[in-house]
Amino acid sequence: MPITLDGSNGITTPMYNGSITANAVTPSVNMKNRIINGAMVIDQRNAGASSGSGVYTLDRWQALATQSSKYTVQQNAGSVTPPAGFTNYLGVTSSSAYSVGATDYFYINQNIEGYNWADLNWGSANAKTVTLSFWVRSSLTGTFGGSFVNWAGNYSYPFSYTISAANTWEYKTVTVVGPSAGTWVGATNGGSLQLYFSLGTGTTYSGTAGSWSANYYGSATGAVSVVGTNGATFYITGVQLEVGSTATSFDYRPYGTELALCQRYYKRISRVDGSGGDYGIINFCDWNGTDSYSGNIISPNMRTSPSLSYSALSDFTYLEGGSTKTPTGIVSVGSGPNYIEINVVWSGGLTAGRAGWLRMTGASAWLAFSSEL
Amino acid sequence: MYKLIKSMDGLNVAVFRQNDNTSFVFAPDNTDYQTFKKEVLAGAELQDADGNVMTQANQFVASLP
Chain V
1 MPITLDGSNG ITTPMYNGSI TANAVTPSVN MKNRIINGAM VIDQRNAGAS
51 SGSGVYTLDR WQALATQSSK YTVQQNAGSV TPPAGFTNYL GVTSSSAYSV
101 GATDYFYINQ NIEGYNWADL NWGSANAKTV TLSFWVRSSL TGTFGGSFVN
151 WAGNYSYPFS YTISAANTWE YKTVTVVGPS AGTWVGATNG GSLQLYFSLG
201 TGTTYSGTAG SWSANYYGSA TGAVSVVGTN GATFYITGVQ LEVGSTATSF
251 DYRPYGTELA LCQRYYKRIS RVDGSGGDYG IINFCDWNGT DSYSGNIISP
301 NMRTSPSLSY SALSDFTYLE GGSTKTPTGI VSVGSGPNYI EINVVWSGGL
351 TAGRAGWLRM TGASAWLAFS SEL
Chain D
374 MYKLIKSMDG LNVAVFRQND NTSFVFAPDN TDYQTFKKEV LAGAELQDAD
424 GNVMTQANQF VASLP
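Protein chains in written order, with this note's numbering: chain V, 1 to 373; chain D, 374 to 438.
Next comes chain D alone, as it looks inside the complex (with noise of 0.2 Å):
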């Protein structure tokens, strides 16, 4: 299961990965980041920065980097 992190300033920019304690920003070039683009694709859980899990979320991951 994924979470959003926001910045200080509101923004989305970062991911939490709940079964590891794993994070990262929005980075394509990092594996973990790829990995959540791929099973949020396919259908893994996301919840934005307050834990509610995104609806969207297919639609958010497309619009990321």
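If we strip away everything but chain V, and leave its shape as in the complex, we get (with noise of 0.2 Å):
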């Protein structure tokens, strides 16, 4: 009993007075999409609200801009109704209408770390060709520009694609031949590849769609400027980058997947529900009369040594001895990719070898690891 296995058929068997062929699906393949948090679901940092630009707004997603202000960044900014098949989008409005200078650029971009992108062997004579793929819908129409930049910023590919109806969400396409040259950054936790989408760039930082060039480009000549027009959207969602030269179909990966990605680079305790109210995070032993100390396991782990950040001291309180105190200071005194040790500071009354612990005070606390490229 012969049976094909076909590529584009799938598999066919012959059965009683004919033959039965399975459909052909494409197999879900970890990582076949480079970008993380590419259907722009994770929003730890603003859970929804607006952030400016010169910042990361959506996780893994940063605002670059060489001008404060000019721009910001919202889940879900505008309430339109996202593509089929997403929830949520990314959304930029203007804020002003500013006349880009020569020397100024305003990106949404997203960094690749070397680990994720080292088996595509850019800067060789094996490099593979990649395909990107986005929803897309803005205000304004015409020829819109990003790039792909290597770490170094010395080699780079803008590349143009046309908004053609104002408000619509597009599907949109771009393929990429990898670069036989360049300095691209081997499998490490540093950054590789810069993916850009501009909002406006500067003749300096402009270049011929298309090609690559040994120079820094951000956009393509030419392309349409958001920040230009006061008021102006610029909304994107399914954003994907894959081996090939054929967009596919966008790979959703499950919700705690994504998260767990995202918190590689960012990973922030906040209250969830919104609420107000105590609660304990992080349990503390007193050093002596001011410094208490915490050791703390980090997992999944992080990219690197995580900086910690945190809300405001008036949103935690310690409780120890009976007593509760505010402290005067939190700050990372160690830390590896997979721990952190912290130090909180009191301004007295503490007793060595007691036991206590840090709490959030209210709905805006957070405490928050970042180890970002």
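Check the hints yourself; a few may be wrong.
What the hints assert, rightly or not - Straight-line Cα separation of at most 20 Å, SDA-like style, residue types lysine to any residue; simulated pairs:
| hint | chain 1 | residue 1 | chain 2 | residue 2 |
| --- | --- | --- | --- | --- |
| 1 | V | Lys267 | V | Ser311 |
| 2 | D | Lys411 | V | Ala152 |
| 3 | D | Lys411 | V | Gly54 |
| 4 | D | Lys411 | V | Glu372 |
| 5 | V | Lys267 | V | Ala47 |
| 6 | D | Lys410 | V | Gly348 |
| 7 | D | Lys379 | V | Trp346 |
| 8 | D | Lys379 | V | Gly295 |
| 9 | D | Lys379 | V | Gly289 |
| 10 | V | Lys32 | V | Gln263 |
| 11 | D | Lys379 | V | Thr328 |
| 12 | V | Lys267 | D | Asp402 |
| 13 | D | Lys410 | V | Glu372 |
| 14 | D | Lys410 | V | Trp151 |
| 15 | D | Lys379 | V | Gly321 |
| 16 | V | Lys172 | V | Thr221 |
| 17 | D | Lys379 | V | Asp119 |
| 18 | D | Lys411 | V | Lys267 |
| 19 | D | Lys379 | V | Tyr293 |
| 20 | V | Lys267 | D | Thr395 |
| 21 | D | Lys379 | V | Glu341 |
| 22 | D | Lys379 | V | Gly348 |
| 23 | D | Lys379 | V | Thr290 |
| 24 | V | Lys267 | D | Asp393 |
As the list claims (entries may be wrong) - Pair by pair, the computed Cβ-Cβ distance ranges are:
| hint | chain 1 | residue 1 | chain 2 | residue 2 | range |
| --- | --- | --- | --- | --- | --- |
| 25 | V | Ser96 | D | Met381 | 41 to 51 Å |
| 26 | V | Ser68 | D | Gly416 | 18 to 28 Å |
| 27 | D | Met381 | V | Asn338 | 18 to 28 Å |
| 28 | D | Leu414 | V | Asn338 | 25 to 35 Å |
| 29 | V | Asn46 | D | Asn392 | 30 to 40 Å |
| 30 | V | Thr248 | D | Leu414 | 39 to 49 Å |
| 31 | D | Gln429 | V | Tyr293 | 23 to 33 Å |
| 32 | V | Ala118 | D | Gln432 | 20 to 30 Å |
| 33 | V | Gly244 | D | Asp423 | 56 to 66 Å |
| 34 | D | Ala435 | V | Val345 | 23 to 33 Å |
| 35 | V | Ala181 | D | Asn392 | 37 to 47 Å |
| 36 | D | Asp402 | V | Ala97 | 13 to 23 Å |
| 37 | D | Asp423 | V | Val80 | 52 to 62 Å |
| 38 | V | Gly244 | D | Pro401 | 27 to 37 Å |
Rather than coming from a laboratory, the hints here were simulated on the basis of the structure. Ideal Cβ placement from N, Cα and C applies to all residues, glycine included.
Using the hints, put the two standalone chains together into the complex.
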């Protein structure tokens, strides 16, 4: 009984008086999409609130800008209906009508770690072709730009795409033949590829679309400037960057998987229900009258030794020896990718050897670990 | 503005960035640490753990990993 295995038709096996063919399916492949949070679902920092430029916005997505306060970024800004199959998008809104200078740039970008890019062999004769696909919607129309840039910022591939109708979701694809030249970080925890979507880029950093150049170009020459129109919008979701010359269906990953991928770079402890009230987060031991220490395991591992940040000292209290104290400092004094030692400082009154616990005291309190690229 | 942090052993082990309540150890792969080194070498203020402005900040930062 012959059975045919065909790359196009799948498996064909004879049956009585005919044959039956199983549909060919595209197997789910881990990390087919090299972009993390491409569906814009995870927003640990802002939980849907607006953020400015020059900072990380939705998880893994950075707003790079040479000028401050020219645009805001918010998950689901404007509350439009996302493209079919998506529930979220990253929304940019221009805050003014800024005339972009020659050396200005305004991007939404994602930095990809070397471990997640090294197998593409960029910078060698075996460099693999990749295809970028995404859904985009803008109040403006015309030719928009972006770029693939190496970490050193001296080798880039500007690309362009056209938005034909205002305020309408459109699906775009860009195929890029991998470069045989340029310096690309290998399998390390360092940055490898910078993917830019331009919101306005000056002439100094704009180059010819569709070719590699030994320059830092963040966008294509002549691309639309979103920041040039007050109130202009630029919404994007379903960003996928995959090996091959054809865009395939978006690789939805389980929420927990996507969150864990994001938490390699940023992890925030906050009250998920948004309510007030105190709640303990970390146990400490008093070292002397003013210092308490806590050792903490971080899982999953972060990209590197994380920074420690917090909302405000007034958002925290310490319960120890039957009383409540307010800290005068919360700092990291030791860390690696999977641990962090925290020192909480007090004005006095602690007793060496006592235990206590740090509590968050309000709805806006947060503590975060960051190892972003 | 940056301020050094000492361990319980009295050694400088980390940095506190005062404008956004962020601290980090001397880890070369940490981007906050990389920015700290660049900014101090470019003239940003660095205080020692007691809050005194360091007059030899450049030399200190240059000696870090």
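Now the hints, each set against the structure:
1. V:Lys267 with V:Ser311: Holds. Lysine 267 of chain V to serine 311 of chain V sits at ~14 Å (cutoff 20 Å).
2. D:Lys411 with V:Ala152: With a Cα-Cα distance of about 16 Å, the restraint between lysine 411 of chain D and alanine 152 of chain V holds, given a limit of 20 Å.
3. D:Lys411 with V:Gly54: holds (17 Å)
4. D:Lys411 with V:Glu372: holds (17 Å)
5. V:Lys267 with V:Ala47: Given that 20 Å is the threshold and the Cα spacing comes to 13 Å, the pair holds.
6. D:Lys410 with V:Gly348: Roughly 32 Å separates the two Cα atoms, so the pair is violated.
7. D:Lys379 with V:Trp346: holds (15 Å)
8. D:Lys379 with V:Gly295: Since the Cα atoms of lysine 379 of chain D and glycine 295 of chain V sit roughly 16 Å apart, the hinted pair holds (cutoff 20 Å).
9. D:Lys379 with V:Gly289: holds (16 Å)
10. V:Lys32 with V:Gln263: At roughly 19 Å apart (the allowed maximum being 20 Å), glutamine 263 of chain V and lysine 32 of chain V satisfy the hint.
11. D:Lys379 with V:Thr328: Satisfied, since the Cα-Cα distance of roughly 15 Å is no more than 20 Å.
12. V:Lys267 with D:Asp402: Holds - the C-alpha atoms of aspartate 402 of chain D and lysine 267 of chain V are around 17 Å apart, at most 20 Å.
13. D:Lys410 with V:Glu372: holds (17 Å)
14. D:Lys410 with V:Trp151: Cα-Cα ~19 Å, so holds.
15. D:Lys379 with V:Gly321: violated (26 Å)
16. V:Lys172 with V:Thr221: The given pair, whose Cα atoms are some 19 Å apart, holds under the 20 Å limit.
17. D:Lys379 with V:Asp119: Cα-Cα ~41 Å, so violated.
18. D:Lys411 with V:Lys267: With Cα atoms ~25 Å apart, lysine 411 of chain D and lysine 267 of chain V exceed 20 Å; violated.
19. D:Lys379 with V:Tyr293: holds (13 Å)
20. V:Lys267 with D:Thr395: holds (14 Å)
21. D:Lys379 with V:Glu341: holds (13 Å)
22. D:Lys379 with V:Gly348: holds (17 Å)
23. D:Lys379 with V:Thr290: Distance ~13 Å between lysine 379 of chain D and threonine 290 of chain V Cα, so the pair holds.
24. V:Lys267 with D:Asp393: Given pair lysine 267 of chain V, aspartate 393 of chain D holds - Cα atoms ~16 Å apart, limit 20 Å.
25. V:Ser96 with D:Met381: 41 to 51 Å: holds (50 Å)
26. V:Ser68 with D:Gly416: 18 to 28 Å: Holds, since serine 68 of chain V and glycine 416 of chain D (Cβ atoms, about 20 Å apart) stay within the stated range.
27. D:Met381 with V:Asn338: 18 to 28 Å: holds (22 Å)
28. D:Leu414 with V:Asn338: 25 to 35 Å: holds (30 Å)
29. V:Asn46 with D:Asn392: 30 to 40 Å: violated (19 Å)
30. V:Thr248 with D:Leu414: 39 to 49 Å: holds (46 Å)
31. D:Gln429 with V:Tyr293: 23 to 33 Å: This hint holds: roughly 29 Å between Cβ atoms.
32. V:Ala118 with D:Gln432: 20 to 30 Å: At roughly 37 Å between Cβ atoms, glutamine 432 of chain D and alanine 118 of chain V fall outside 20 to 30 Å, so the hint is violated.
33. V:Gly244 with D:Asp423: 56 to 66 Å: holds (58 Å)
34. D:Ala435 with V:Val345: 23 to 33 Å: Between alanine 435 of chain D and valine 345 of chain V, where Cβ atoms are some 28 Å apart, the hint holds.
35. V:Ala181 with D:Asn392: 37 to 47 Å: holds (40 Å)
36. D:Asp402 with V:Ala97: 13 to 23 Å: violated (40 Å)
37. D:Asp423 with V:Val80: 52 to 62 Å: holds (54 Å)
38. V:Gly244 with D:Pro401: 27 to 37 Å: Check passed, 35 Å falls within 27 to 37 Å.
Violated hints, listed in ascending order, are 6, 15, 17, 18, 29, 32 and 36; each of the other numbered hints is respected by the structure.
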